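Colleague: Sequence:
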Amino acid sequence: MRRWIMRGAAVFMVLLLCGFFAAALLFFTQPMTEQTFDLSVETVQWEVYIQEGQQRTDLLPDGDIGYTGLSAPGQTFYFSRILTEEVESPVLYLDTVNRSVAVFLDGERLYTDCPEQSGGVGELTLPMLGWDRLDPVEITLPPDYLGKTLTIAQSTGLGEKQIPEMEPTVYPCAVTLSCGYAYESGIVAESFRGRWDIGLFIFSLAAFFLMLVPLGGVSFFGHYLPYPEVDLNALSRALCLTSLLLFLGSRGNGRLRWILWGTAALHGLTALLGRASATSLLTVVSEYLGLLGLLAAAVLSLVWRKRGNGFYRLFAPLLLAALGLGLAVCGAHAVADPTWGRELMIHLRTGFQNGLPRFLLWSWSALTMAAGILAAFIDLFRRESQRRTEERLLLQRGELIRENYENLRKHNEEIQTLLHDLRHHVTALQGLCREGDMGEIQKYLESLSQRPELNRSNGYTVHPAVDTVLTAMLARGAETGVRAEVRVELPPELPIPNSDLCPLLMNLLENALEANEKAPEGAEKWLRVTMHIRGEYLYVGVENAYFAPVDFDPEEGLYHSTKPGTLHGMGLKSARATARKYHSELVLKAIEDSFSASTALLLPKTEA
Numbered sequence: 001m002r003r004w005i006m007r008g009a010a011v012f013m014v015l016l017l018c019g020f021f022a023a024a025l026l027f028f029t030q031p032m033t034e035q036t037f038d039l040s041v042e043t044v045q046w047e048v049y050i051q052e053g054q055q056r057t058d059l060l061p062d063g064d065i066g067y068t069g070l071s072a073p074g075q076t077f078y079f080s081r082i083l084t085e086e087v088e089s090p091v092l093y094l095d096t097v098n099r100s101v102a103v104f105l106d107g108e109r110l111y112t113d114c115p116e117q118s119g120g121v122g123e124l125t126l127p128m129l130g131w132d133r134l135d136p137v138e139i140t141l142p143p144d145y146l147g148k149t150l151t152i153a154q155s156t157g158l159g160e161k162q163i164p165e166m167e168p169t170v171y172p173c174a175v176t177l178s179c180g181y182a183y184e185s186g187i188v189a190e191s192f193r194g195r196w197d198i199g200l201f202i203f204s205l206a207a208f209f210l211m212l213v214p215l216g217g218v219s220f221f222g223h224y225l226p227y228p229e230v231d232l233n234a235l236s237r238a239l240c241l242t243s244l245l246l247f248l249g250s251r252g253n254g255r256l257r258w259i260l261w262g263t264a265a266l267h268g269l270t271a272l273l274g275r276a277s278a279t280s281l282l283t284v285v286s287e288y289l290g291l292l293g294l295l296a297a298a299v300l301s302l303v304w305r306k307r308g309n310g311f312y313r314l315f316a317p318l319l320l321a322a323l324g325l326g327l328a329v330c331g332a333h334a335v336a337d338p339t340w341g342r343e344l345m346i347h348l349r350t351g352f353q354n355g356l357p358r359f360l361l362w363s364w365s366a367l368t369m370a371a372g373i374l375a376a377f378i379d380l381f382r383r384e385s386q387r388r389t390e391e392r393l394l395l396q397r398g399e400l401i402r403e404n405y406e407n408l409r410k411h412n413e414e415i416q417t418l419l420h421d422l423r424h425h426v427t428a429l430q431g432l433c434r435e436g437d438m439g440e441i442q443k444y445l446e447s448l449s450q451r452p453e454l455n456r457s458n459g460y461t462v463h464p465a466v467d468t469v470l471t472a473m474l475a476r477g478a479e480t481g482v483r484a485e486v487r488v489e490l491p492p493e494l495p496i497p498n499s500d501l502c503p504l505l506m507n508l509l510e511n512a513l514e515a516n517e518k519a520p521e522g523a524e525k526w527l528r529v530t531m532h533i534r535g536e537y538l539y540v541g542v543e544n545a546y547f548a549p550v551d552f553d554p555e556e557g558l559y560h561s562t563k564p565g566t567l568h569g570m571g572l573k574s575a576r577a578t579a580r581k582y583h584s585e586l587v588l589k590a591i592e593d594s595f596s597a598s599t600a601l602l603l604p605k606t607e608a
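So for the sequence shown, full-length UniProt numbering puts the first residue at 1; every next one is plus one.
Calculated from the structure, these hints are not laboratory results. Bear in mind that the values here come from a model prediction, so they are computed numbers and not experimental data. Each hint should be verified, as a subset may be incorrect.
[What the hints assert, rightly or not] Restricting the straight-line Cα-Cα distance to at most 35 Å, the calculated cross-link-like pairs of lysine-lysine (DSBU-like) are:
#1 605 <-> 148
#2 518 <-> 581
#3 589 <-> 605
#4 589 <-> 306
#5 148 <-> 581
#6 605 <-> 573
#7 605 <-> 306
#8 573 <-> 589
#9 148 <-> 573
#10 581 <-> 605
#11 573 <-> 518
#12 605 <-> 518
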């Protein structure tokens, strides 16, 4: 009794230690939360002002995204706010292009483009840069940044527009706060956790039973576990083969997998019931079922390889090479030693006459196991390499999309500024014309003031970032004859950052425009955009005409682009990644002559 208590206590301690370290591993491989906050002035509230010494003067918003009220051209201005957004490993990104900046946190300087100016807030005269930045300014914030006041000083040049006589309007740079190591920690976490692969678990069982084979033949094993009616060596081999067939079936495709699964189930069941004893009829049935399963695996491996299955493209040639090498070795040995060859043939013939083809079964299963181990490892490394490559490509595409969005946003800002000033000039010139005899000029200016781009205010939606994307992408489609139908009902602000929402929308629209490019002569090109909020979800849907067969990958659940290029085909993957980030899925449907992609993003909860 005491011996069983000691054994039970030892087993309990082993399980406790394994559970503790497994929980620790899972805890420390959790990815950091990939949070990104758009802190630009059009998204959150800032205090924008100029300051000379202790004298501070607030700047006034111009109704768009600019501020007015500079007292002199080239004057440095400031914008401040208290940081309340919490992220892990906080990093601040400033898209300043050709403006020089200085950054302060509670009055303490964190960064400056002009280290020769040692003054603080109210003591700086920042010059314009003589070049354009290719990347945003990246500033790491201290861990205790929450609740502190962030102040950014920015240069303005000559009235921001380089024309002294124009009104002094300034535009604070775009500001983004995000987790600095979210992407890297996600890669690490995916490497540890990823998706649950039941096939690898079954294959590990096969390896475990294979290790039990030599234990079943040693003397001390029978001393501690006396089961005289069970051939533990043969039973371990049988269960190893059962697990191997289940694994090979899990790596296959379609209904043919059930051939291996059914054979494996019958083989394992009959082996257990017969206890692998040489005198049991069930053992004979089990071993012939094992041979049948190995033969089916060899044939199906060629079928699945021809169908493009990644694992079997490795396994099939490895299995054939292993079988060929085994036959070659046996043949060479038989030629070199005829006596060994005769004994081999007698052994095979005797086994089949007695109804137990164990020698052939175990030799064949050993070669299949070796090929399976090698193919599984190569396939695992290939999948991991492919996953990391896709992560890098998605990151590159995301950066390209964000860069395109930023270019669109800046272009829209420039256009809005020009239109704002042009209205003043048109009004002034119209007044001058009315005083003189300049009818033709008056007529021209009046027609110019009626142009829609000068009077357009809200466009497709009051949400500025979404409106910018829709304006640019649909204008590109209109140039090629794509008719667009837009149903967008959004508020001016959303809790989802523009850096996530805009790339998602641009990816879906780009996919729709590419599909319309394949339209034959005379066919109608169209797309439909739908965005609205229902409850806690933001619905984003794009439907378009398509005129060519689509390539669907059932394993990934995505349609692949047929357009050549490294980054092509990554748009839907990027959109799906964004959808999953907000606890949703990307739903794809190809029906008759239309294709649709939609998702319902769970809106993050905001503080009241």
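Colleague: Taking the hints in turn, state whether each one holds.
Modeller: Structure-based check of each hint:
{"no.": "1", "hint": "605 <-> 148", "result": "holds, 22 Å"}
{"no.": "2", "hint": "518 <-> 581", "result": "holds, 32 Å"}
{"no.": "3", "hint": "589 <-> 605", "result": "holds, 30 Å"}
{"no.": "4", "hint": "589 <-> 306", "result": "holds, 28 Å"}
{"no.": "5", "hint": "148 <-> 581", "result": "holds, 29 Å"}
{"no.": "6", "hint": "605 <-> 573", "result": "holds, 26 Å"}
{"no.": "7", "hint": "605 <-> 306", "result": "violated, 50 Å"}
{"no.": "8", "hint": "573 <-> 589", "result": "holds, 15 Å"}
{"no.": "9", "hint": "148 <-> 573", "result": "violated, 38 Å"}
{"no.": "10", "hint": "581 <-> 605", "result": "holds, 14 Å"}
{"no.": "11", "hint": "573 <-> 518", "result": "holds, 21 Å"}
{"no.": "12", "hint": "605 <-> 518", "result": "violated, 42 Å"}
Violated hints, listed in ascending order, are 7, 9 and 12; each of the other numbered hints is respected by the structure.
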